[in-house]
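Based on the provided sequences and hints, a complete structural model is requested.
Keeping their order, the protein sequence lines are chains Z and W.
Its first residue numbered 1, the first sequence is counted upward by one per residue in the numbering used here.
Its first residue numbered 1, the second sequence is counted upward by one per residue in the numbering used here.
Just so you know, these hints were derived from the structure itself, not from any lab.
Check before you lean on any hint, since a few could be wrong.
[Unchecked claim] Simulated crosslink set (DSBU-like; lysine-lysine; CA at most 35 Å straight-line):
| # | chain 1 | residue 1 | chain 2 | residue 2 |
| --- | --- | --- | --- | --- |
| 1 | W | K142 | Z | K318 |
| 2 | Z | K318 | Z | K336 |
| 3 | W | K37 | Z | K318 |
| 4 | W | K142 | W | K37 |
| 5 | Z | K318 | Z | K193 |
| 6 | Z | K336 | Z | K193 |
Computed from a predicted model, the values in this text were never measured in an experiment.
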Amino acid sequence: MSSGVSNSSGTRGASGGDIGGREACVIGSGMIDFGELFEQSTDDMAERAYLNAIEDVDSGISPQEIDAAWFGTLDIAGDASSGAGLAHATGLFEIPVTRVENACATGSTAFRSAVEAIEAGSAEVALVLGVEKMRDSAAGLIESAALDQVWRGRGVTMPAFFGMRATRHMHEFDTTEEQVAKVSVKNHANGAKYPHAHYRFECSVEDVVESPTVTYPLNLYDCCPVTDGAAALLVASEELASEYTDDPIHVAGSGLSTDSLLRSEDESLVGFPATTQAASQAYEQASIGPEHVDVAEVHDCFTITELVTYEDLGFCAKGEGGALIDEGVVELDGEKPVNPSGGLLAKGHPIGASGVAQLAEIYEQLRGEAGSVQVDDPEIGLQHNIGIGRNATGSVSCVNVLERR
Amino acid sequence: MYEPPFWRDREANERLAATECDACGYVSFPERREVCKRCGERGEFRDTRLEERGIVQSYVIQNRLPDAFETPLPVAVMDVPQVGANDGGSDGDDAGSDAGEPARVYGLFTETDPEAMAIGMEAAAVFRELFDVEGLPVGSFKFTVPRGENR
Ligand SMILES: [Zn+2]
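Shown next, in the form of structure tokens:
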């Protein structure tokens, strides 16, 4: 995150999380093509993402130069994960490896932890590796409907948790089913162009509203697919970063927060206060406001999630998410493109990998390497996750801001 | 004999026993704790009881659930008023200080036409067996709109 240097405002780095003025930079990223990867194990996917990240470093890097690693996974496949899981997949033994689990913010929290270690001076070059094998288990997440809970989320599946916001948002702000559907249309249009995406087809508003109802008011095309995947990032101190690349991307700010629907605050019926809290921490560290964000990869596990996230991140006022998408602001060629990669809706949502992949995409965008989904010369990119915690009563959000200087 | 979680929560589950934070008025249900999960204060908590009714704050209709549930199943966020309060804080308005706030909970519906669901409507809470643990029933409340009595 940012130090006390640069920028005319003089407020840069005013808040916490900034130890000794050291800054962290991303110096390489790697992804695998997301999809139904029955032929690959968790370790196979993790190893490939790691090797892709190593190969992505402009001036090369040797594994011996990585002195710490963070491993983001929910371990849905039950591969007995721990720090040792990363070491076995990558061969990076004999260094500190920390496994991170933080609901859907797992990958982004792993990244944030690596950044903090670099800022603190306890690591120089760190690997962040996110992986999830979602498809090996036939049961799926529907089975995790909190069957043995009395009041704490019994029967509240993920589409129900997010669908509650859709029903209330439509009631309170006259948001329409068509506006919500447009998120899916946009993200599938982007995903069709994005080589790593799981689903590479386009769809129409009619396709979304006429697809089978999963949990009213959400239909099948309002929901992200079940996808295997892995992604990796290499993060280095600013001083070392220039040895690896001429175009390092700075980590300008990071925020992490939790909240709960059961705190009885009405904002949490139409959005996620945890997102607003995490974003405000990240904006403050980066000395920016939402208006400075040029491109964003946000958590669109469901269409409604992305729509309320526009509001929670301050891209528009509360209740105006529907208007924002109607106006085309968040389209690939709009003023503030959101999810150029196709988002979780098209690219897929391998939970531990999702946040890391979003950061890899922002890294590509800021370096001008995003190919067919490249947006126009972005300088500041934002990455966001919102996850369900504690049997659907809690929420956890992580927001990271990257900057090309 | 109940397994520990159900034994611990039995009074809340079966009798709608709750506690109210004297610092901010937050109603904690079903948990009884020393710190308030809204204001964070380690305050005094007053025992209170919830009424057998609630106001729908938002809802979904679940079409796909494990076999333990009948679908389509309305599931809602409910505001459940304290006994003696004027109303359940419909639409989130802060109730007067005498009334006290409602508790906000998830509510499973039963014997309710999904078409009857609407934000702001009142539903009765009815005691039901939710599930059993090795043959022993765990009972608590579900919500219902009695037939022919929309809203
Ligand atoms: Zn309180």
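The hints, checked one at a time:
1. A hinted pair counts as satisfied when its Cα atoms are at most 35 Å apart, and W:K142 with Z:K318 qualifies at roughly 32 Å.
2. Straight-line distance between C-alpha atoms of Z:K318 and Z:K336 comes to about 17 Å, which keeps the hinted pair within the 35 Å bound.
3. The suggested pairing of W:K37 with Z:K318 holds, with an alpha-carbon distance near 24 Å, which does not exceed 35 Å.
4. Restraint check for W:K142 and W:K37: satisfied, since their Cα atoms lie roughly 24 Å apart, inside the 35 Å limit.
5. Our distance criterion of 35 Å between C-alpha atoms is met by Z:K318 and Z:K193, whose separation comes to about 31 Å.
6. For the given pair, Z:K336 sits about 18 Å from Z:K193 by alpha-carbon distance, which is consistent with the 35 Å threshold.
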